[in-house]
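Novice: This is what each chain is made of:
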Amino acid sequence: MAEQAYTVASDSENTGEEKSSSSPSLPEIAVGIDIGTSQCSIAVWNGSQVHILRNTRNQKLIKSFVTFKDEVPAGGVSNQLAHEQEMLTGAAVFNMKRLIGRVDTDPVVHASKSLPFLVQTLDIGVRPFIAALVNNAWRSTTPEEVLAIFLVELRLMAEAQLKRAVRNVVLTVPVSFSRFQLTRIERACAMAGLHVLRLMPEPTAVALLYAQQQQMSSHDNMGSGSERVAVIFNMGAGYCDVAVTATAGGVSQIKALAGSAVGGEDILQNTMRHVAPPNKEASGLLRVAIQDAIHRLSKQDSVQIEVDLGDGDKVSKVLDRLEFEEVNKNVFEECERLVMQCLRDAKVDVGDIDDVIMVGGCSYIPKVRAVVSNVCKKEEIYKEVNPLEAAVRGAALEGAVTSGIHDPFGSLDLLTIQATALAVGVRANGNKFIPVIPRNTMVPARRDLFFTTVHDNQKEALIVVYEGEGESVEENHLLGYFKIVGIPAAAKGVPEINVCMDIDASNALRVFAAVLMPGSKSPVVPVIEVRMPTVDDGHGWCAQALNVKFGSSLDLVTLQRK
Amino acid sequence: MKSYKGSSVLATDHYPFLYKQPISSPPASFPSTTLSYPTRNRFLSTRIQARVSHDDPVVKQSEDLSFYDLLGVTESVTLPEIKQAYKQLARKYHPDVSPPDRVEEYTDRFIRVQEAYETLSDPRRRVLYDRDLSMGFSFSFSGRRRSRYNEEVEEEKSEWKKKWQTQLSGLKERSNQRNNNSMSWAARMRRQHHTSEDSS
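As you go down the protein sequences, you meet chains A and B in turn. The numbering used here puts the first sequence at residues 1 to 562. The numbering used here puts the second sequence at residues 1 to 200.
Next comes chain B alone, as it looks inside the complex (with noise of 0.2 Å):
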């Protein structure tokens, strides 16, 4: 389609990547860098594509953002409170609500957003998020800092709900552990998966 070739041209004969450094070293610093593939606006110039992703105030500052910061509320915010920040930036950022000429840096800006509710709705992820805030790792976004908080435990939420308490504590030190012997998440998911399979 040739919308789509916008894109690939993008990403072939122009500034095809982003590079950057991570804000501060992660605790699981694995791998050691951040990737930044093409944006997602198929119409615009390649030109102003490459103005938007490095220079926009938007993108560059929500990096810095911490998960409250993104959601706009203080650390000690209610679940109530931070479902409903998350809707009300969802009408602003969503891609269809945002000014058509602004999709770009505001879908960006909502990935982001909903990150932060996704983590900081789940008081068990929060737990963990907020350990590592305490320990000055700001930063919000970026594809192995999910991993920590995103792990999926099958467990029915009732039974969650009662429990969590108790099991913070033994999530605490995995993640502790993790932190000296760490794996990616999908080394995590391919170990719980298939246990009895060798490891080629």
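Next comes chain A alone, as it looks inside the complex (with noise of 0.2 Å):
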């Protein structure tokens, strides 16, 4: 990528390593950003109570875009667009959360063809081609690229308003984020200055925002503080999230998560596919019109759709709600199966839920309302937080915990104890993925399991870690690989290969490896420790490649007991 001249700051992934040089007897406060696929907002701990910011248009939630019109790109933080359709052009890249990360094969990246600007795919495993529209040019940028321009602003709003240097941030991100994806987004803030201190899962955020709340009221009834069980379930326009929290005295034990790239984007796309007429192409002023449209459905029973697409082509419809419904109902029975799964996963009744939490935007959806309070038998919805601004507001909580900060109020006596969302292992028994820390462990976590070898006197073995769920590697995300050499010449099944994993708190996973022999006191060959993940771009090659390069010959299998 050609060096811009625009404001991304470093292109280092090692910005954790400059000290800062602000006064070490006072904790720099991470302030909190909620980076939607549509809207962002970023708040921080003023010392008594969490305060979002707002831009100069004194708007809090700020929409995701950047555009590439003049020399300069500018995003939606600083940029007035003159109208929504100005949005449609081309000119302007949105929706990188669903794009980040992702490969040209992935049916996400498919979807996100329908957009104004370019998204093109070679369908070969590598990232995807998107540009956008600069004076009958298409001006070719990333994912990263994008967002770390749009986090730039955000910074030097935040430190305009905040009078100080803003460093440290936390995050929040999707369940279903895999740890290749949470690395590109680790690498845009990098780009845009910033260091991360967490990644938190969005309703992860809002779970934390619940606590709080919970502590502050059982010190009012000065209830010990016994445990609440709640649901929190997040759909913003690029995700759908769920979590299952039980908390007690400030302490928020996340019992499960489940996630999946759903959300109103999929609504929109639905929904303008039922209303176009046939052969025409998604126009910008049809998208524009049907959100509304969907905005409105939330309030009343059905909405009239007029738009005028040009070349004599007139959309004119009345739009109900069941009608609405039917047309959507995959989405509706996707975030159905994502609350059932964390129910289960959680091991709770849906007898024992105290409170059911909804935030994002969809959740003003009546239909998405219906089918949660229904699977979790719960008439009534916790009406405590705003559901737009739920996830920033956690994310500055955590910002302030993980900060240091100490509140005399007792407002910052929390924590979050996060579980992983997806299971991480690696490639054994053929081409099966082993998990060693399954979905839903509690962090920060250390497990291992043993393998053995494949062949006789097989003496490297190739460990390949995977993220995900699948029962085959396939289905699965590479994390990266790693070699084990020097095995001592035995029969097969005979050596001991011990891969530990390990997560810390701040969700970095570290994987390890030793060869023991029976018998022997200590590895054999020197441990290996590799951090992952490894891959870069074009990891849907890499499996394929080292496929065609070893095939079986450095497998490994689960050690069976002799």
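Worth flagging that the hints you see were computed from the coordinates, not collected in a lab. Mixed in with the good hints, there may be bad ones.
Claimed, not checked - Straight-line alpha carbon distances no greater than 30 Å define the calculated DSSO-like cross-link-like pairs of lysine-lysine that follow: (1) 459(A) / 521(A); (2) 492(A) / 549(A); (3) 314(A) / 299(A); (4) 317(A) / 113(A); (5) 92(B) / 69(A); (6) 329(A) / 377(A); (7) 383(A) / 255(A); (8) 299(A) / 377(A); (9) 69(A) / 113(A); (10) 378(A) / 83(B); (11) 83(B) / 383(A); (12) 255(A) / 377(A); (13) 432(A) / 367(A); (14) 255(A) / 347(A); (15) 483(A) / 521(A); (16) 92(B) / 347(A); (17) 255(A) / 92(B); (18) 329(A) / 367(A); (19) 377(A) / 83(B); (20) 60(A) / 383(A); (21) 347(A) / 83(B).
Two chains, two frames, some hints: make the complex.
Specialist: So, in structure tokens, the structure goes:
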């Protein structure tokens, strides 16, 4: 990527090395940022409560987009669009959260091809080609770059208002993001001069806000703080996430997480396809009209849609709620499935649920509310949080807690015990994914498994690390790979290869591998330690390349007791 | 990343590995070694790290403690008390709230506390653990111990709540069989997942 003249400060991934020159006595309070697919917000602990910052147009919710109209790209923080439609001319790039860290074989990337900017795929497992239309030329960019430009604007805005340097951040992320996608978010932050303290799954940020509220109210009635179980449902434009949390005394223990890349964007596209005349490409005008119609349908039973698409094509249609719900049946079913899966994983009975919390833009859709409250068998939805602000407020609280800030009134006596959203493990037993740390394990965590060789005198073994839920490796995300060498000559099944995985409180994953022989007191070769993920772009290819090169010659199987 | 180099240095040119004999010989003793990988905190000098992992009283002690000891509760503890004890200990040992200079040892301790909580808060696993405890296997923490209490059973909790009493006898039986004819957890998982597949 060519060096850009604009404000992206650093392209270094190692920004953690720069020491901060601010005074050591006052810890810098990390800001919380909720980067949404369609809107972002930024908040900070101001010493007594969470304060959400506003942009120059007095907005707390800032549209997530970057336009490449002029010499200098401008993001939604500083830039004001004359028209909603201006976002749809091809000059503005948005929905980055749906594209970041995804390869061009991903269905979510393919669904993004109907957006007004260019999303081009070669379908070979590399990053998609993304470009904005500038003076009738496609100017290429990347999701990381767009996100970085936007984050720089957010940072400058926060620095101007807080009158200090802003460096440490807590960001909220979708539950379903792979570790590879998380590295791309970290990369974008590094480019924007920000250091990530925590990447919090969105519903866990809401859980922390809930924990604070519970703790405050239990102070009031002097209760010892018995455990409260809450289901947190978050659905924005790009993603749907669910968490089950058990909260007591300011400690929020995440019992289970579930999530997928389904959101308002899918609802929008389904509805556009349904309403658009046949053989007519989805236009920006239609997009705006449908978006508006969906918003109105949350308050009224039916809406009139009138759009002049040009060339004599007109859309004139009454859309009622039932029809809308039928068109988006698949989306609502997925919401239902996620809530049920999360409850099952948490081993929580619906009767034990104390609160159901719904946040995110799509939580206003009556059908979504109905689905969630039906599964949870709860009529009442928790009312103490603002659905569009809860995540960023939670992130700001976490920012203050992890920055070591103390509050004399106990408002920050909070703790989140996170759980892993996806299992991590290795390829073994043929093409199988063998989890070492299962999904919904509380972190920090350290687990290990023993493997052995599949061939006599096999001297090397390939450790291929995946993340996900699928039984076969192809269904999971490849995180990286390394080779153990120097296994002593022995019959197959004799060497003991220990694979240990360690996730620390900031969610960093390290993989260790050691070779033991029966009766030996210590590893026969130096232990290997690898921080994951190690794959960069083109990881769609890596597994195939490994397969072509090595076949099953360096395979592992789980060790059976003799 | 530079911060990461600290621990890889530890892994290669210092004492890379601690080898420990199990404190008592476990029923499903496979494999016969307990590994200890380099510790977490990448900012300590290797010398300090070595000291922390070799001599630290907190770590050392917790190796000998039962799950009940780890949670600071008696064997007659109730489930709500277990939950409360766990959350209190989390407030002390979780790396987000522990003193910066003790993150390393506290994290290790916290992982042990978590294992104790996971086992004792699950009535089925707790029964298995209590049985082992009564047989004299009191140690709490090691990879293969976990596998005995941690097997995944895909059931709805509601169902499981109703049935667990009756299941326990069956589980005990299975568990006894396993003592004679044990497989690793992964091997069992593998068998569950791929019964139809040839094992190589």
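Novice: May I ask which of the numbered hints given earlier this structure violates, with the numbers listed in increasing order?
Specialist: 5, 13
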